[in-house]
Every structure is written in structure tokens, then in C-alpha cells.
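Q: Sequence:
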Amino acid sequence: MTKWISQPPSAVICLLSSLCTALLFIIIILLVTITRSLSNDQQRILEALGDLADEIWKGNSSTYALCGKNWVLHDSSCYFLFRKVQTWDTAKKNCEDRKSHLVVINSDDEMNFLRQFSLSLSLWIGLTDKDGSWQWVDKTPYEKTPKFWNIGQPDDWYGHGRGGGEDCGQLVDGDGWNDNYCSHRFAYICEKTLSS
Numbered sequence: 001m002t003k004w005i006s007q008p009p010s011a012v013i014c015l016l017s018s019l020c021t022a023l024l025f026i027i028i029i030l031l032v033t034i035t036r037s038l039s040n041d042q043q044r045i046l047e048a049l050g051d052l053a054d055e056i057w058k059g060n061s062s063t064y065a066l067c068g069k070n071w072v073l074h075d076s077s078c079y080f081l082f083r084k085v086q087t088w089d090t091a092k093k094n095c096e097d098r099k100s101h102l103v104v105i106n107s108d109d110e111m112n113f114l115r116q117f118s119l120s121l122s123l124w125i126g127l128t129d130k131d132g133s134w135q136w137v138d139k140t141p142y143e144k145t146p147k148f149w150n151i152g153q154p155d156d157w158y159g160h161g162r163g164g165g166e167d168c169g170q171l172v173d174g175d176g177w178n179d180n181y182c183s184h185r186f187a188y189i190c191e192k193t194l195s196s
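Mapped onto UniProt numbering, the consecutive letters of the sequence shown carry residue numbers 1 to 196.
Keep in mind the hints are simulated off the structure, nothing from the lab.
Some hints could be false.
Unchecked claim - Cβ pair distances, simulated, as ranges:
#1 GLY164 / THR140: 52 to 58 Å
#2 ASP138 / VAL72: 17 to 23 Å
#3 ARG36 / TYR64: 38 to 44 Å
Claimed, not checked - Under the rule of at most 30 Å between Cα atoms (straight-line distance), these lysine-lysine pairs were calculated in the BS3-like manner:
#4 LYS93 / LYS192
#5 LYS192 / LYS84
#6 LYS147 / LYS93
#7 LYS84 / LYS147
#8 LYS84 / LYS69
#9 LYS139 / LYS93
#10 LYS130 / LYS93
Even for Gly, the Cβ is constructed at its ideal location relative to N, Cα and C.
Could you build all of it, start to finish, from the sequences and the hints given here?
A: Written out as C-alpha cells, the structure reads:
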């Protein structure tokens, strides 16, 4: 026996229809609110990132104003790492062309700072004994600066077969100093004081 369900009264249909419309309206309001909330959060994040970028730029711009683009400020000097390998004389000239000089290491603190640049590099420094005694390129008295020679250095080795000894200083792999043949090619660091 088949039973037919009678059609619900129109008042019930109207009520259910109104209820569905109200639920749909509530869902739309919730979606808009959540979206706005996310947008506000995103906006706050973007503003925070912008503020951070401004702070970074201010820091860089003050370094830029003091040292120049891509130079690194430490204490009262600015440093520039050149990864393109050059002979010692070419590196010296390139630094001079930039109103600086090959780095002169005046303190333990400066040496520790410079080690970060040479962890996997050998770098020319502004030290030479081409005239028979070790001298810094900026005329800082060698005798008055700390020494960081590696064990057995300087050795003025002639075994490279190129004529002459090793007359130019280098910072080796973040460790210490070595004397090397000046025509070898290494990366280098230029230094300029803030008063330059």
C-alpha cells in the first residue's frame, strides 16, 4: 500500500525558505567578515614588512652614505671584498682607484672581523716586503701592529720556480697570514677610513 505524503502547508515552506535565506545571509556575512579580517591581517603583515624594509634600508643607507654602495662598515673603516682574483699589484691599484688601500690589519678585533670574509678564500692584504722588510701599504708601522703569521711563515719560499721570493701578504682561509708570490692571483679586500 502506497502512502502519499501530503504537501506541507505554505506557511511551513515560507518559514523554511526564510530560514534558508537567513542562513545563506549569515554565511555570506561570515565569509565577508573573515575575508576582511584576513585582509586586515595581511595588511598589518605587509605594513610590518614595509617597516622592516625601511629599517634595513635606513641601516644600509647610513652605511651607504658613510662608505658607499656594497662597502661594509666596521668600527671606523669601510671594507670591500673583491672576489675577482688579481695579482697583488693589480689589487693594490684597484683599491687605490677607489680611494682606498689593500686592508691593513691593526688589531685583533679587525683580524677577527676579516676572518668572516676569508673562510673559504685566500685574500691579498696590504702587506709587502718587496723592499726587504715588511711594510703596510698605508705606511702604518709594521712593528706596531699585531702579527698573525701562520706557523713557519713568512718563509720567502722560492720553490714556485717563477724567480724571486714571496713578497706579498695574504690572509689564508680565515686562519692567518702567509707570504706568497705577488704574481699569483687571489681575491682581496680594500679598506678606507671614514675620514677618507
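Q: It remains to establish, for every hint, whether it holds in the given structure.
A: Hint by hint, here is what the structure shows:
1. GLY164 / THR140: 52 to 58 Å: At 25 Å between Cβs, range violated.
2. ASP138 / VAL72: 17 to 23 Å: For VAL72 against ASP138, whose Cβ atoms are near 18 Å apart, the range 17 to 23 Å holds.
3. ARG36 / TYR64: 38 to 44 Å: 40 Å, holds
4. LYS93 / LYS192: Holds, at about 14 Å.
5. LYS192 / LYS84: 19 Å, holds
6. LYS147 / LYS93: Measuring from Cα to Cα gives roughly 24 Å; hence the hint holds.
7. LYS84 / LYS147: Holds, because 26 Å separates the two Cα atoms, which is no more than 30 Å.
8. LYS84 / LYS69: Satisfied, since the Cα-Cα distance of roughly 17 Å is no more than 30 Å.
9. LYS139 / LYS93: 16 Å, holds
10. LYS130 / LYS93: 16 Å, holds
Going through the hint list in order, the structure does not satisfy hint 1, though it satisfies all others.
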